[in-house]
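One letter stands for each residue in the lines below.
Protein chains: 2
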Amino acid sequence: MNIAILGCGTVASGVCRLIAKEREGIARALGEPVVIRKILARTSAKARALGFGEEEICSDMAPILADPTISVVVELIGGTGDARTFVEQALRSGKHVVTANKDLIALHYGELLALARENSVSLLFEASVGGGIPLIEPLRQTLALGGVRRIYGILNGTTNFILTRMARDGMGYADALSLAQKLGYAEADPRSDVDGLDAGRKIAILATLAFHSRVTFGDVACEGISAVTETDVAFAARTGRTIKLLGVAQRQEDGVTAYVRPALVPNAHPLASVSDAYNAVFLQGDAVGDVMLYGQGAGAMPTANSVLSDILRAARTAPVHSDPFYEDLPVRDEGGESVYYVRLLVQDRPKVLSGIAGVFGEYGISLASLVQETRPGERAELMLFTHAARERDLRAAMEALLARGDVHGGCAMICLEEKT
Amino acid sequence: MNIAILGCGTVASGVCRLIAKEREGIARALGEPVVIRKILARTSAKARALGFGEEEICSDMAPILADPTISVVVELIGGTGDARTFVEQALRSGKHVVTANKDLIALHYGELLALARENSVSLLFEASVGGGIPLIEPLRQTLALGGVRRIYGILNGTTNFILTRMARDGMGYADALSLAQKLGYAEADPRSDVDGLDAGRKIAILATLAFHSRVTFGDVACEGISAVTETDVAFAARTGRTIKLLGVAQRQEDGVTAYVRPALVPNAHPLASVSDAYNAVFLQGDAVGDVMLYGQGAGAMPTANSVLSDILRAARTAPVHSDPFYEDLPVRDEGGESVYYVRLLVQDRPKVLSGIAGVFGEYGISLASLVQETRPGERAELMLFTHAARERDLRAAMEALLARGDVHGGCAMICLEEKT
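Those sequence lines, one after another, are chains A and B.
Heads up: the first sequence begins at 1 in our numbering, then just goes up one per residue.
Heads up: the second sequence begins at 1 in our numbering, then just goes up one per residue.
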């Protein structure tokens, strides 16, 4: 089987190495070898370094599209510019597409899949979420069959590394981020990770498959971890919980919700012990019950392994022609009620406490428990758990609180009440 | 798509209910509905109770084999008697077979797959290991591609329930077993579970797929949990570990080993927090790194969901015709070296300790640490960790120790040293 690889970065080089290393096993499994006929690279130096000759290297799609022996195009460029154009061209030319591109799938899955169906080819993206964790195909083939109620998980290794260091070593957010950057877990501009955007793209993809409905990145409300402090992490530990950045998609009676938010996870929950750069997805289904899939969410070789599995799948499996959005559920802004943890920095003066409780009361939010810790100077930190409340009400209450002269800042976090 | 179901037990009834409940989704996914044309039942009462009419119920294979519109036979009888015969007949008649039968696959996978290949049909068994956990297909399609070094896990819910209760509630083995029986987690005759045979069948199946080699139930050395005492569980907890019954399959330079044994798992390992009747499989691969798949290892609906995924897979995926045993690794008795935990009941007399240490020394086993706890009366309990030792040497040393008049019993457990 002949394939073309688009891109020459770390994942592409991992795929090339893996295909070389597992040549015999692949040939046995597939009945024929996988041959990389073409590699598309902006500059040919990198491709030459991977051992490709000039006749295999190309800088545009023409030679790939013109080669009828190439049946699979593997897109490892990333982003939604060239990558999108090239993927569309490949599908239109009747070639299966395998991609690791979460940006592309989170935004354009519907259009691309329609194009794949028109041309009777497969569009496969196991590597787009969760790196080496088998996630997309188990979800598509097995877990989404018997009704998914909720799918949520730790989808970003950078933020999980930071939160793990904060919890385990008592580091502050800024120090943990610096360490992550030093060790190569975070980029120089870390915003896509720490603001929850990377996790947002991934939960959009998982929600789409879990609920057979169109959920795109634009539907996901993303909140990152930059507001999480040592105080929050320590308070969570004292109450038997761990702070994790979760991507969450939830089936509701009349729609779905999807968001990314820091959450307090009970320590007995399997997600609480997912540490460092590991990822894990937890799913609650009507038929399957609870399932968790755990592993390395990034890295050249884990991701390459998922890409290779898609290449073989393209060869062995008939393209899926069914409507992927048949449930057609609307995406709702508002989730149900949750218990929230709130931290407020307040003036340490008599009557401040009753004033704050009064504001929560005005918005229909009752408080379950409250701890005040006085800091040097005039300010005090107030940590509290609400009873079940709606996010909209809580946000309105927070706004009203922050408008007061005696409240100087705050942070709200949802508290998962899921069983182990 | 027309199918036939063999058997009328809890999983079969789960499959019937799930197909009815998800009728619309299945039709959307597959492009046509799944129709249960025939159900094979020893007595028709159960099948009638599931809503089948007399024309659908049969007591032998003839009407199923004679119906060319039936493309998939779903075997849910269990065991290796009738089930084996019926599966062979179905394959010979050119029908895909979906089965949840671990006994059958753990013993006869090779022959059955050869028959499937001869007849160009699929043999699928996602539900045979790990109930609702997507395990067989992710292993086959993705995880086994890039080289598996080790696959191990908690494969039996009954024993995990018992060990969880011993650890969490301080129950003794007998009491925890009684509770498991009362709650329906253990059968009246619990031997297949507590002696590790059920887990042994499952690790044989996983090893076969992970290593592309023939590993059958007969190759698996099975040790159960009936020798595990409250003392062991408490001692494990004091050293930051949890006792779990693990099925383990390990790639070695010149072969594979597979066994089932109680093991001390460090509390930071993801398997340590898999509690109650949950199952989980942990895999270490060259390319994918660490992966864990977790979920409900049994139960009618989780298992039915896996069966249904196989039914749809049979319709959508070309049968795999490659040699499943191309690595052809021999199965070895002996694993590498491990650290062992050993508990001995000894006469509490001077010189006993040095005598025991001397016996270990004779067999080349050095001791890393040792704790003695005196019991009322003359006996004392000795808990020790060895340095890395070979199982064969340890077993010989234990035999020599038990032959001494001052050692009254013992229990040996492997101590996993895996990272988190």
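None of these hints come from the bench; they were simulated from the model.
Keep in mind that a hint or two might mislead.
Intra- or inter-copy, both count: the list cannot distinguish identical chains.
In silico SDA-like cross-links for lysine to any residue, where the CA-CA straight-line distance does not exceed 20 angstroms [to be verified]:
| hint | residue 1 | residue 2 |
| --- | --- | --- |
| 1 | Lys21 | Gln89 |
| 2 | Lys46 | Pro63 |
| 3 | Lys21 | Glu253 |
| 4 | Lys351 | Tyr173 |
| 5 | Lys46 | Asp82 |
- [ ] Sort out which numbered hints this structure fails and list those numbers smallest first.
- [x] 1, 4
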